[in-house]
Amino acid sequence: MEKGNGSGDNIKNEKCKVQYQFAFYILHFALLMLPPSLRERRRYLVFEVISEREIDKRELLDEIRSSLYSLYGDVGASESRIWLIGYDKKKDVGILRCAHNKVEEVRAALACIHSVNGARIGMRVIKTAGTIKGATRLTKSFLEKKIFVLVILV
Amino acid sequence: MPNFFDLNVHAYPETDVPVEDMYRIAKRYGYTGIAITNHDDTEKGKEKLPPSISTFVFRGVEIRTNSVSELKRKIKLYYGKVSLLAVHGGSAKINEAALKDFRVDTLAHPCGEKGEGELSHVLVRYAAKNGVAIDFNLNAIVHSRRSDRARILWKMRENLRLVRKYKAPAIISSNAHSVYDLRAPREMIALASLFGMKKDEAIHALSAIPEGVLEKKWKKETEVEII
Numbered sequence: 001m002e003k004g005n006g007s008g009d010n011i012k013n014e015k016c017k018v019q020y021q022f023a024f025y026i027l028h029f030a031l032l033m034l035p036p037s038l039r040e041r042r043r044y045l046v047f048e049v050i051s052e053r054e055i056d057k058r059e060l061l062d063e064i065r066s067s068l069y070s071l072y073g074d075v076g077a078s079e080s081r082i083w084l085i086g087y088d089k090k091k092d093v094g095i096l097r098c099a100h101n102k103v104e105e106v107r108a109a110l111a112c113i114h115s116v117n118g119a120r121i122g123m124r125v126i127k128t129a130g131t132i133k134g135a136t137r138l139t140k141s142f143l144e145k146k147i148f149v150l151v152i153l154v
Numbered sequence: 001m002p003n004f005f006d007l008n009v010h011a012y013p014e015t016d017v018p019v020e021d022m023y024r025i026a027k028r029y030g031y032t033g034i035a036i037t038n039h040d041d042t043e044k045g046k047e048k049l050p051p052s053i054s055t056f057v058f059r060g061v062e063i064r065t066n067s068v069s070e071l072k073r074k075i076k077l078y079y080g081k082v083s084l085l086a087v088h089g090g091s092a093k094i095n096e097a098a099l100k101d102f103r104v105d106t107l108a109h110p111c112g113e114k115g116e117g118e119l120s121h122v123l124v125r126y127a128a129k130n131g132v133a134i135d136f137n138l139n140a141i142v143h144s145r146r147s148d149r150a151r152i153l154w155k156m157r158e159n160l161r162l163v164r165k166y167k168a169p170a171i172i173s174s175n176a177h178s179v180y181d182l183r184a185p186r187e188m189i190a191l192a193s194l195f196g197m198k199k200d201e202a203i204h205a206l207s208a209i210p211e212g213v214l215e216k217k218w219k220k221e222t223e224v225e226i227i
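Order-wise, the sequence lines are chains D and H.
The letter at position 1 of the first sequence is residue 1 when you use my numbering, and the numbering goes up by one with no holes.
The letter at position 98 of the second sequence is residue 98 when you use my numbering, and the numbering goes up by one with no holes.
Hints are computed from structural coordinates only; laboratory data are not their basis.
Some clues are possibly wrong.
With a straight-line cut-off of 25 Å between C-alpha atoms, the simulated DMTMM-like cross-links for lysine to aspartate or glutamate are [what the hints assert, rightly or not]:
hint	chain 1	residue 1	chain 2	residue 2
1	D	Lys127	D	Glu59
2	H	Lys27	D	Asp92
3	D	Lys127	H	Asp200
4	D	Lys91	H	Glu211
5	D	Lys57	D	Glu79
6	D	Lys90	D	Glu144
7	H	Lys27	D	Asp88
8	D	Lys90	H	Glu20
9	H	Lys27	D	Glu104
10	H	Lys27	D	Glu54
11	D	Lys102	H	Asp200
12	D	Lys102	D	Glu59
13	H	Lys198	D	Glu104
14	D	Lys91	D	Glu79
15	D	Lys146	H	Asp21
16	D	Lys89	D	Glu52
17	H	Lys199	H	Glu211
18	H	Lys155	D	Asp92
19	H	Lys114	D	Glu144
20	D	Lys102	H	Glu201
21	D	Lys127	D	Glu14
22	D	Lys145	H	Asp21
23	H	Lys198	D	Asp56
24	D	Lys91	D	Asp74
25	H	Lys27	D	Glu144
26	H	Lys27	D	Glu59
27	H	Lys199	D	Glu104
28	D	Lys127	H	Asp40
29	D	Lys133	D	Glu40
30	H	Lys129	H	Asp148
31	D	Lys90	H	Asp21
32	H	Lys199	D	Glu79
33	D	Lys127	H	Asp21
34	D	Lys146	H	Glu20
35	D	Lys145	D	Glu52
36	D	Lys145	H	Glu211
37	H	Lys114	H	Glu201
Some chain H residues flagged as far from chain D (calculated, every beta-carbon gap over 12 Å) [stated by the list, open to error]:
hint	residue
38	Glu14
39	Pro18
40	Tyr29
Idealized CB from N, CA, C, for every residue including glycine.
Turn these sequences into a full structure, and let the hints steer you where they fit.
Structure, rendered in structure tokens:
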């Protein structure tokens with residue numbers, strides 16, 4: 001493809017081989033991946049935390065898990081399939097992924113959290129979205145609004 | 001969207017959280033009004049509310065006592081002076097005395113704060129007759145774990161069954177002692193679903209019934225009869 005390439009047969013063959021191998025890997029990977037129709041449906045919850053001190057992402061995830069497990073048990077928690085996508089401890093907002101039909105259950109589990117390692121916190125879900133893209137957009141607009149309100153209050 | 005109210009919040013004279021903080025957080029969570037119901041035995045002098053938040057925050061009182069005669073005396077003392085008269089429930093005799101009295105607005109946590117008390121079908125019938133709202137305290141669910149929470153949920157489920165049967169007014173409240181105990185309306189509805197309350201029922205218990213309680217909607221007839 002490139003200009004000024006060596007014109008030897010040996011090099012050409014080698015290149016062909018590499019290309020075939022690459023195509024094979026891609027095909028293999030594509031076959032292993034779930035087709036979109038079989039993928040599980042998800043919801044992304046944008047949540048907000050009010051806390052006494054800064055909360056670490058790890059601490060928060062442990063607390064969310066323990067709350068969910070104590071409220072619904074192992075079976076119920078496995079059905080909700082939670083995953084913490086991200087949490088900004090400076091701005092106190094984060095995104096949590098869960099199964100699309102377990103939003104209310106996860107919401108109740110989040111509401112049941114009252115402290116993390118002795119620091120009192122309160123959590124609330126601001127919005128839910130169907131994609132990460134939508135969730136980040138909602139987070140951004142929420143933060144803008146928050147800053148706007150703070151400016152007005154000051 | 002309906003107007004949401006939280007009718008059991010404790011603030012400054014009892015706890016060290018100022019009323020303004022509670023107002024700010026509750027407003028951000030989407031409430032239309034909250035009622036500050038401090039226990040009467042911890043109230044140190046009447047604090048005047050700032051005029052800017054007096055339409056949002058209602059001044060109430062929660063009577064906490066162990067004897068029925070004292071309860072009656074205190075109801076007489078506070079009746080007509082506060083916009084919300086609540087009674088700290090728990091023991092069976094206090095629950096009975098509070099629900100039989102038409103001057104009481106709400107009976108806060110009838111199963112006690114740890115789920116130790118009980119309501120019977122006779123008492124719930126009195127509540128429906130006198131228009132005393134029965135309070136489901138969600139803070140008990142949030143702050144307990146395992147067997148304690150299971151017992152509290154079971155008691156609440158029993159109470160809910162009786163409330164549905166006799167059509168007594170029921171409200172959901174947070175019983176918050178700090179800003180971290182407050183929960184947004186959607187979270188309250190999700191928590192209420194844990195003990196079997198349906199979504200529209202929970203919305204009703206968070207919006208229309210508290211509004212009616214503050215307006216004394218179910219009291220007018222009895223008051224007219226007495227006068």
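Hints, verified against the model:
1. The hinted pair formed by D/Lys127 and D/Glu59 meets the criterion: a straight-line CA distance of about 23 Å does not exceed 25 Å.
2. As the CA atoms of H/Lys27 and D/Asp92 are separated by approximately 18 Å, the hinted pair is consistent with the 25 Å bound.
3. Between D/Lys127 and H/Asp200 the alpha-carbon distance is near 20 Å, which keeps this suggested pair within the 25 Å criterion.
4. Distance hint between D/Lys91 and H/Glu211 is unfulfilled; the C-alpha atoms sit about 35 Å from each other, more than 25 Å.
5. Of the pairs offered as hints, the one joining D/Lys57 and D/Glu79 holds, with about 23 Å between alpha carbons and a cut-off of 25 Å not exceeded.
6. Proximity of D/Lys90 to D/Glu144 is assessed by CA-CA distance (about 15 Å); at most 25 Å being required, the pair is judged to hold.
7. For the proposed pair H/Lys27 and D/Asp88, the alpha carbon gap of about 23 Å is at most 25 Å, so the pair holds.
8. Using a Cα cut-off of 25 Å, the hinted pair D/Lys90 and H/Glu20 holds, with the two alpha carbons roughly 24 Å apart.
9. Taken as a hint, the H/Lys27 and D/Glu104 pair is honoured in the structure, with Cα atoms around 23 Å apart against an allowance of 25 Å.
10. For the given pair, H/Lys27 sits about 23 Å from D/Glu54 by alpha-carbon distance, which is consistent with the 25 Å threshold.
11. Taking the CA atoms of D/Lys102 and H/Asp200, the gap is about 18 Å. The hint holds against a cut of 25 Å.
12. A C-alpha spacing of about 23 Å is found between D/Lys102 and D/Glu59, which places the hinted pair at or below 25 Å, so the restraint holds.
13. Between H/Lys198 and D/Glu104 the CA atoms are separated by roughly 12 Å; this keeps the pair inside 25 Å, and the hint holds.
14. This hinted pair does not check out: D/Lys91 and D/Glu79 have alpha carbons roughly 30 Å apart, beyond 25 Å.
15. About 16 Å separates the Cα atoms of D/Lys146 and H/Asp21, which keeps this hinted pair within 25 Å; it holds.
16. Distance hint between D/Lys89 and D/Glu52 is fulfilled; the C-alpha atoms sit about 12 Å from each other, no more than 25 Å.
17. Taken as a hint, the H/Lys199 and H/Glu211 pair is honoured in the structure, with Cα atoms around 18 Å apart against an allowance of 25 Å.
18. Our distance criterion of 25 Å between C-alpha atoms is broken by H/Lys155 and D/Asp92, whose separation comes to about 35 Å.
19. With a C-alpha separation of about 41 Å, the suggested pairing of H/Lys114 with D/Glu144 is violated against the 25 Å cut-off.
20. Using a Cα cut-off of 25 Å, the hinted pair D/Lys102 and H/Glu201 holds, with the two alpha carbons roughly 20 Å apart.
21. Restraint check for D/Lys127 and D/Glu14: not satisfied, since their Cα atoms lie roughly 54 Å apart, outside the 25 Å limit.
22. Between the alpha carbons of D/Lys145 and H/Asp21 the distance comes to roughly 19 Å, so the proposed pair stays at or under 25 Å and holds.
23. Restraint check for H/Lys198 and D/Asp56: not satisfied, since their Cα atoms lie roughly 35 Å apart, outside the 25 Å limit.
24. In summary, the hint linking D/Lys91 to D/Asp74 is not supported, as the alpha carbons are separated by about 32 Å, beyond the 25 Å threshold.
25. At most 25 Å may separate the alpha-carbon atoms for a hinted pair to count; H/Lys27 and D/Glu144 meet this at roughly 18 Å.
26. Our distance criterion of 25 Å between C-alpha atoms is broken by H/Lys27 and D/Glu59, whose separation comes to about 28 Å.
27. For the hint pairing H/Lys199 with D/Glu104, the CA-to-CA distance comes to about 11 Å; that is within 25 Å, so the pair holds.
28. Restraint check for D/Lys127 and H/Asp40: the C-alpha separation of about 39 Å exceeds 25 Å, so the hint is violated.
29. Under the criterion of a C-alpha separation no larger than 25 Å, the hint pairing D/Lys133 with D/Glu40 is consistent with the structure, at around 17 Å.
30. Our distance criterion of 25 Å between C-alpha atoms is broken by H/Lys129 and H/Asp148, whose separation comes to about 32 Å.
31. For a cut-off of 25 Å, the pair hint linking D/Lys90 to H/Asp21 stands: about 21 Å separates their Cα positions.
32. Only pairs whose Cα atoms come within 25 Å are accepted, and H/Lys199 paired with D/Glu79 is accepted, the gap being roughly 22 Å.
33. Among the hinted pairs, D/Lys127 with H/Asp21 is consistent with the structure: their alpha-carbon atoms are about 24 Å apart, no more than 25 Å.
34. Our distance criterion of 25 Å between C-alpha atoms is met by D/Lys146 and H/Glu20, whose separation comes to about 18 Å.
35. Simply put, D/Lys145 and D/Glu52 have alpha-carbon atoms about 22 Å apart, close enough for the 25 Å limit, and the pair holds.
36. At most 25 Å may separate the alpha-carbon atoms for a hinted pair to count; D/Lys145 and H/Glu211 exceed this at roughly 29 Å.
37. Distance restraint check for H/Lys114 and H/Glu201: the Cα-Cα separation of roughly 24 Å lies within the 25 Å cut-off, and the hinted pair is therefore satisfied.
38. Distance check for H/Glu14 against chain D: the nearest CB is about 17 Å away, which clears 12 Å, and the non-interface claim stands.
39. For H/Pro18, the non-interface assignment is confirmed: its Cβ lies about 15 Å from the closest Cβ of chain D, beyond the 12 Å cut-off.
40. Residue placement check: H/Tyr29 does not keep its beta carbon more than 12 Å from all beta carbons of chain D (closest about 7 Å).
The structure fails to meet hints 4, 14, 18, 19, 21, 23, 24, 26, 28, 30, 36, 40 from the earlier list, while all remaining hints are met.
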